[in-house]
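Protein chains: 2
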Amino acid sequence: MKANVNQQWRLASRPVGLIKESDFEWREEALPVPGDGEFLVRIIYLSLDPAIRGWVTDAKSYMPPVALGEVMRGIGVGVVERSNHAKFKVGNLVQGLLGWQAYALSDGMGLVRLPKDGVPDLTAYLGLLSMVGPTAYFGLLDVGKPKTGETLVVSAAAGAVGSIVGQIGKIKGCRVVGIAGSDEKCRWITETLGFDAAINYKTEHVRGQLKAHCPNGIDVYFDNVGGAILDNVLTLINVKARIVVCGLISQYNAEEPVPGPYHFSSILTQRVRVQGFVFGDYLDRIKEAVADLGKWLVQGKIQYRVHLVEGLKAAPQAVNMLFDGSNKGKLIVKVSDPNVS
Amino acid sequence: MKANVNQQWRLASRPVGLIKESDFEWREEALPVPGDGEFLVRIIYLSLDPAIRGWVTDAKSYMPPVALGEVMRGIGVGVVERSNHAKFKVGNLVQGLLGWQAYALSDGMGLVRLPKDGVPDLTAYLGLLSMVGPTAYFGLLDVGKPKTGETLVVSAAAGAVGSIVGQIGKIKGCRVVGIAGSDEKCRWITETLGFDAAINYKTEHVRGQLKAHCPNGIDVYFDNVGGAILDNVLTLINVKARIVVCGLISQYNAEEPVPGPYHFSSILTQRVRVQGFVFGDYLDRIKEAVADLGKWLVQGKIQYRVHLVEGLKAAPQAVNMLFDGSNKGKLIVKVSDPNVS
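Chains A and B, in that order, are what the protein sequence lines are. So the first sequence is numbered by the numbering used here: it starts at 8 and just counts up by one. So the second sequence is numbered by the numbering used here: it starts at 8 and just counts up by one.
Certain hints may be false.
The list treats identical chains as interchangeable, and a pair is accepted whether it falls inside one copy or across any two copies.
As a list, the in silico DSS-like pairs of lysine-lysine whose alpha-carbon atoms are at most 27 Å apart [stated by the list, open to error]:
1. Lys218 with Lys302
2. Lys94 with Lys294
3. Lys294 with Lys247
4. Lys67 with Lys247
5. Lys27 with Lys218
6. Lys67 with Lys218
7. Lys67 with Lys154
8. Lys154 with Lys247
9. Lys177 with Lys335
10. Lys247 with Lys152
Hints were generated in silico from the structure; no laboratory data involved. Being a predicted model, the structure only gives us computed values, none of them experimental.
Let the hints inform the model, and build the full structure from the sequences given.
Now the structure itself:
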C-alpha cells in the first residue's frame, strides 16, 4: 500500500447478472485525517459474502442498497492507527462495516472492538465468531429448532455458514445431510466435519440421494440456495418440518423473474413452517452465540476453513467465487498485514 | 329417497382438471343393517369444501386419497335412525366424515354427537361451528397471531372460511382487507360483515388496490388461494409478517406443475413466517373455538351465509362452484329433510 493514500472500490453501476469488475471504480485518494471523536482504521481482512449481491441491487431488502458512487459495503477486521476517540485507541482491533477500502474513517458507530487474545487467528472473527457462526447458530437453533434424532438437511453445506450449521446439528444430535458442489467438498464435510452424508448436486441425482440418505424424511432444512434443491426437499419434507430461508444464492444473479418452488403446496399439506432469517435481527443476542461457538471451537467440536484472496484489488472478481462455488471455505480478502504490534 | 335403498356417489376415476360428474359412479344399493355396536345415520346436510379436490388426487397429503370405487369422502350432518350402539341413540344428531351418500353405517369412529338445542339451524354446524369456523379461528389466531392495529389481508374473503377470518380479525382490532371475486361479494364483506375494504380481483388491479388499502403494509395474510394474489401480497409484506397457508384453491385443478410465488425472496428479506395450516391438527382444541364462535354468533359479532344445493345427485356438479366462485356462502348439499323429531 502506498503511504498516505487510501484505496477504494466504489460502486459504479448496478450489476446485471454476475458482478463484473467494471461495475466498480478503483479510487485512490488522500488518507482522511480523523477529527474530534474520530479514528482511522487500517483494514486487514475483508469478508466477501453472498449477501453482497443483494446490497448492490436496487430492490427492497433488509438494508438500503449501496448508492452509486459510494464505497462498496463490506464487513472487515482492522486495527486503529490514529485516534481522537475516547474508546477506540491506537492498536485496538475492530470489526464492522468498514467497506471495500484500505482505510476507514469512523466515529465508532456500528463497530465493535475485538479482544487481541484468546483467538488463534484474526480470521476466526470473519470465519466463525462474528457473523458466519452466529448466523448458523441462531438460524438453526432459534428458527429451525432441531430436536435430537431429527434429520437436518443443509444446502451450500461446505460454505461458510452451511458448514457450521451442519456441525451444530451434529452437536445437537441430528442426522445431518449436506448438499455441496464438488466431491472434495463432500469429502470434507463428511470425513472432517462429521456430517452423516453428503450429496454432490452437480453430479448426483439430488432427490434420489436425499431419499436414500433421509430414510425418515426431512425435519429441518437450512436453505442457503433456494431453487431446484428447495423443490426437491419439499417433496420429502415431514409434517411440521421447519425450513430456514437463510439464502437464495441460486437466484441472486438471475436476470429474469425466478419462480418459487413448484412444490409450494407441500407447505400446506405437511403444515411446514418456512421462515426467513437475517442475522441482523439477532445482534442483541450475539453473546449467546459467541459463548457457545467459542467453547465448541476450543473443544474441537467445530472447525472452519478460510479461503484467502490477496489484495483489495481482487475483491470484485473474487466475489463471483461465491456463486460458482470455487471458493473452499469462508472467502476473505487480505487487504493488509495481519501482524499488529 | 326410496325406502330401504341407499344412494351413493363413488369415486370412479381421478379427475383431471375440474371435477366431472363422470368421475363418479351413482350407486343404489340395499340399506345396510347395523350389527352389534353399529348404527345407521340418515344424512341431512353434506358439506362441499375446496379440500375435496385434494382428496381425489393421488398425491401425498395430510390424508390418504379416496380410493377408486370408494364412497366419496365428505363431512356431513345426520340423524341416527337405527342403532345397536350404546352411545349413539336413535334421534341423536351426529357429524363427521359420513360421505357422499344418503345413509351411512357407523361404529361411531370419528363421529361426534351434536346438541339439538341452542343452535338456530342445523346448517350452523357446517357453516360455522364444526370445521369452517375453527379453521378460521385457529388458522388466524394460532398461526397468524394478529395484533391490534395490524393489517390483515384475506383471500377468498367471501368464502366460508375467509368471511369468518375477516370477522375475527375485526373482533381482534385489525384493519381487514378482503379479496373476493364479485362486486356483490365485496359489498357483502364490507357492508354486512364490516371489513374495512374489499378488492374484486376479477375487475380490479390487485396490487394497486392492496397498496391503496394497506397504507402500512401487510402484517398477516390468510391465504386460501395461492397463485398471483400471494405474489402480489409478497411485494407489500411487512418485516416479521405471517402468512397462513390454509388453501391454494387457484391451483387445485391445475393439470401442469404450478410455480411457487415469484417473490419468494421476500420471505427472506422481510423475515416472513409462512406456515401451512390444516384444521385436523386442532381437533383436540376444538372446544376453545366453539366457545368463542358460539358466543360471537349470539352477540351478533359473527355472521355466516349458506348456499344450499338440493339433492345428493347434484353434488359432483356443485363442487365446481367452489372453483369458479359462483357459490355465495358455505356450499352445502341438502340430502334429506332437516326436520328431525
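Structure-based check of each hint:
{"no.": "1", "hint": "Lys218 with Lys302", "in the structure": "neither (34 Å within a copy, 49 Å between copies)"}
{"no.": "2", "hint": "Lys94 with Lys294", "in the structure": "within (20 Å within a copy, 60 Å between copies)"}
{"no.": "3", "hint": "Lys294 with Lys247", "in the structure": "between (30 Å within a copy, 23 Å between copies)"}
{"no.": "4", "hint": "Lys67 with Lys247", "in the structure": "between (30 Å within a copy, 15 Å between copies)"}
{"no.": "5", "hint": "Lys27 with Lys218", "in the structure": "neither (39 Å within a copy, 35 Å between copies)"}
{"no.": "6", "hint": "Lys67 with Lys218", "in the structure": "between (37 Å within a copy, 15 Å between copies)"}
{"no.": "7", "hint": "Lys67 with Lys154", "in the structure": "between (34 Å within a copy, 24 Å between copies)"}
{"no.": "8", "hint": "Lys154 with Lys247", "in the structure": "both (12 Å within a copy, 24 Å between copies)"}
{"no.": "9", "hint": "Lys177 with Lys335", "in the structure": "within (21 Å within a copy, 53 Å between copies)"}
{"no.": "10", "hint": "Lys247 with Lys152", "in the structure": "both (11 Å within a copy, 18 Å between copies)"}
Against the hints set out earlier in the document, violations occur for numbers 1, 5.
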